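K.L.:
From first to last, the protein sequence lines are chains U and L. Every letter in the first sequence is one number past the one before it in our numbering, and letter 223, counting from 1, is 223. Add 405 to the 1-based position in the second sequence for our numbering, that's all there is to it.
In short, the hints are calculated from the structure, not lab data. Errors might be hidden in some of the hints.
With the C-beta cut set under 8 angstroms, the calculated list includes, among others, these residues of chain U facing chain L [claimed, not checked]:
id, residue
1, 59
2, 66
3, 72
4, 74
5, 77
6, 80
7, 83
8, 133
9, 153
10, 178
11, 237
12, 240
13, 352
If you're wondering where the values come from, they're calculated on a predicted model, not measured in any experiment. Glycine residues also receive a C-beta, built at the ideal position from the N, C-alpha and C atoms.
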Amino acid sequence: MSAITDPPKGGFQLSQLIYDTRYRSMTIQIVALVLFLVGVGWLLNNAAQNLAALGKPLGFGFLGEAAGYDINQKLIEYNNQMSHGRAALVGVMNTLLVAVLGCALATVLGVTIGVLRLSNNWIVARIMTFYIEALRNVPVLLWIVLLMAIFIESFPQPKDFRGDDAVATLKIFESVAFTNRGFYIPKPDMFAGSMFVVFVFLASIVGMFFFRSWSRKRQEATGEILPNFWISLGILIIPALLVYFVLGRPIGLEYPELKGFNFKGGIYMRNSLIALTLALALYTAAFIAENVRAGIMAISKGQSEAAFALGLRPSRTMNLVILPQALRVIIPPLISQYLNLTKNSSLAIAVGYMDVTGTLGGITLNQTGREMECLLILMAIYLAISLTISTVMNWYNESVKLRER
Amino acid sequence: MKNSTFVGTLAAATFAAGFAAAGTLDDVKAKGFVQCGVSTGLVGFAAADANGNWDGFDVSVCRAVAAAVLGDAQAVKFTPTTGKTRFTALASGEVDVLARNTTWTFSRDVDLKFTFVGVNYYDGQGFMVPKELGVASAKDLDGATVCIQTGTTTELNLADFFRTNNISYEPVPIETNAEAQQQYLAGACDVYTTDASGLAATRATFESPDAHTLLPEIISKEPLGPLVRHGDDQWADIVRWTMNALIAAEELGVTSANIKESAMEAGNNPEINRLLGTEGNLGEQLGLSADWAKNAIAAGGNYGEIFSRNIGESTPIGLARGLNAQWTDGGLIYTPPFR
Ligand SMILES: N[C@@H](CCC(=O)N[C@@H](CS)C(=O)NCC(=O)O)C(=O)O
């Protein structure tokens with residue numbers, strides 16, 4: 001009796017799909033894909049059926065109808081006779097404003113705090129550690145609400161500025177009003193000829209870049225370093241200042257003034273905008289600080305020792321040797337912090353800031369009852385914003401990446 | 406072949422998970438309680454006390470419905486909703502009935518697909534300002550900062566009012582009454598505007614209510630009432646006639662004090678008899694027990710009792726009956742006959 005059997009020849013058997021390692025992984029993947037598609041199909045079908053049963057078939061016509069509500073902060077022309085679509089756009093602009101301001105502020109704060117946390121000064125390092133732990137371990141919504149409450153309760157009301165015995169006054173050369181409804185700062189007032197000043201200023205910026213690249217070439221050729229900072233600053237402001245005075249000061253300032261219930265004139269930064277931006281930036285800065293610290297610590301000590309050995313001062317070592325290398329470690333997590341900040345800005349309604357979640361996902365949704373449509377558009381908008389941020393940041397990341405030669 | 410079985414199963418599963426609007430009554434009976442959407446807290450209309458017991462004018466509607474359907478006024482689960490979340494909560498079936506200072510409007514009825522079962526409070530939008538501001542009329546509010554609750558009719562009326570009067574304002578959108586109150590008292594807005602009843606209720610909770618005044622203008626009609634989803638007429642009928650029973654009870658002189666007696670045996674007023682189930686079969690027609698209306702009325706008294714206990718002139722809120730008096734007293738509260 002022979003113990004050896006011939007391997008099965010020819011004839012593909014169905015069981016091979018599971019027992020034959022050549023096919024198994026393919027089978028599993030196909031089954032998973034089918035199940036996934038069925039799941040998605042079921043959800044879509046269920047949603048469509050429920051909407052039909054409610055008598056609310058999917059439709060986007062409501063975007064063209066008059067919105068009927070007012071929005072306080074609008075970066076583009078809007079009134080309540082305009083469409084829901086327009087209101088959504090106003091909201092998108094407000095979202096972008098918070099995102100841009102918040103990301104910029106968070107980056108500056110985060111880098112500073114991250115570097116300071118590595119400081120040799122024990123107290124400074126401890127304070128920064130405390131800041132990071134306090135900020136990032138409390139939900140950002142609480143920070144937003146807390147900042148707003150502090151704002152509302154601690155700054156004076158506009159009416160406190162009124163009368164001869166006013167309890168509150170304008171600050172900083174009587175030009176800025178800090179009220180619990182927000183800050184009013186002076187606004188540039190353009191007269192005839194102001195365009196020249198602006199033009200000269202823009203030209204100076206271009207000039208400054210030319211100077212910078214010329215100076216770098218010079219440094220490479222001769223090894224001499226110019227006081228770049230001061231020269232740039234001079235190029236930037238002196239010509240514009242000269243033109244400004246020669247033309248007889250064509251740019252003035254419009255100061256805020258108490259008229260009726262509120263201040264008029266100047267630029268009005270609403271309390272909701274400030275509280276939201278500040279809270280998001282402070283919170284996100286704590287995470288960015290940790291990324292920066294990780295990035296710096298990832299650079300081996302040998303690098304700075306080598307730089308010192310070459311005679312570079314500590315500040316130059318940081319700027320020329322450490323940070324450029326650390327950026328490669330810092331940027332990828334920084335992208336996700338920017339995305340987080342942008343998405344967290346949808347908590348805006350907690351302080352009455354009219355971002356796109358407040359307009360399209362809030363009032364429009366509520367007044368028209370188009371939950372499904374509004375949320376789908378809202379998701380698409382956030383997706384688009386997030387993808388744009390990642391694309392731009394990935395492109396930047398690409399440009400600082402180690403060039404392998 | 407295999408494929409079609411599969412699709413068939415899928416379709417069946419979809420149906421099973423499908424819409425559950427029809428049969429709210431059966432759902433409620435099976436659950437053993439009524440799920441009721443109320444406000445997040447407006448003293449006199451719907452507010453929870455320290456023990457989590459809800460009470461108020463709107464809450465009483467929910468309790469009456471629970472008493473009528475389940476015989477137990479306590480068999481209610483309350484879901485606090487904001488102006489923004491309330492309609493989604495009702496449409497999605499999270500609540501069976503919404504009683505939250507909600508104005509009956511054309512678009513909510515027709516476009517949002519809700520059924521308003523009636524009006525339990527005829528109201529209008531007003532303005533509240535601190536007295537020291539010295540404002541006498543809403544038309545003097547040019548440039549003022551105005552606190553409003555978002556997702557309300559208030560928001561739309563306000564936009565219309567300022568546009569037609571050609572004056573400007575700065576809206577401060579807020580989610581709940583409590584936050585609006587905080588901002589208003591801190592002076593972050595000059596004016597608070599919402600339904601006049603809501604203003605009165607809010608002012609009653611202030612430390613010094615006398616320092617604030619309601620402006621004379623009422624800029625809109627706000628008929629407030631309970632609502633249910635479209636598509637389940639039986640449930641709409643139950644809520645509608647429960648509310649009507651409370652109104653009829655006041656008109657007919659049936660109170661929480663005398664209801665036990667009156668419901669004992671048929672008296673000589675046939676309408677009271679039909680209402681309380683000692684004659685005819687109204688309860689059966691609704692799919693409820695014969696003593697449904699008796700239970701509803703016993704839960705918190707008739708319409709007038711509920712009004713005066715929660716928001717009437719003897720309470721800090723101090724609202725007069727006004728438009729909300731019975732039609733026999735020159736008001737608008739009127740129920741169709743029980744027959
Ligand atoms: N009746 C208006 C306004 C309703 C409304 O929001 N009322 C306020 C004040 S009267 C309220 O109930 N607030 C309670 C809360 O914040 O939960 C509507 O239906 O849109």
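K.L.:
Give a verdict on every hint.
P.N.:
Quick rundown of the hints versus the structure:
With a cut of 8 angstroms, the hint placing residue 59 of chain U at the interface with chain L is violated, because the nearest CB-to-CB distance is about 11 angstroms. The criterion of a C-beta within 8 angstroms of any C-beta in chain L is not met by residue 66 of chain U, whose closest approach is roughly 10 angstroms, and the hint is violated. With its C-beta approaching chain L no nearer than about 5 angstroms, residue 72 of chain U sits inside the 8 angstroms limit, and its interface hint holds. Nearest Cβ of chain L to the Cβ of residue 74 of chain U: about 11 angstroms, over the 8 angstroms cut. The hint is violated.
Hint status for residue 77 of chain U relative to chain L: violated, with the closest Cβ pair at about 15 angstroms, above 8 angstroms. Hint status for residue 80 of chain U relative to chain L: holds, with the closest Cβ pair at about 4 angstroms, below 8 angstroms. A distance limit of 8 angstroms between C-beta atoms decides the matter here; for residue 83 of chain U the minimum to chain L is near 14 angstroms, and the interface restraint is violated. The criterion of a C-beta within 8 angstroms of any C-beta in chain L is not met by residue 133 of chain U, whose closest approach is roughly 29 angstroms, and the hint is violated.
Interface hint status for residue 153 of chain U: upheld, as the beta-carbon distance to the closest one in chain L is roughly 6 angstroms, under 8 angstroms. A distance limit of 8 angstroms between C-beta atoms decides the matter here; for residue 178 of chain U the minimum to chain L is near 13 angstroms, and the interface restraint is violated. A cut of 8 angstroms between beta carbons decides the hint on residue 237 of chain U: the least distance to chain L is about 36 angstroms, and the hint is violated. Because the beta carbon of residue 240 of chain U sits about 35 angstroms from the nearest beta carbon in chain L, more than 8 angstroms, this interface hint is broken.
This hint holds: residue 352 of chain U has a C-beta 5 angstroms from the nearest C-beta of chain L, less than the 8 angstroms allowed.
The earlier numbered hints that this structure contradicts are 1, 2, 4, 5, 7, 8, 10, 11, 12.
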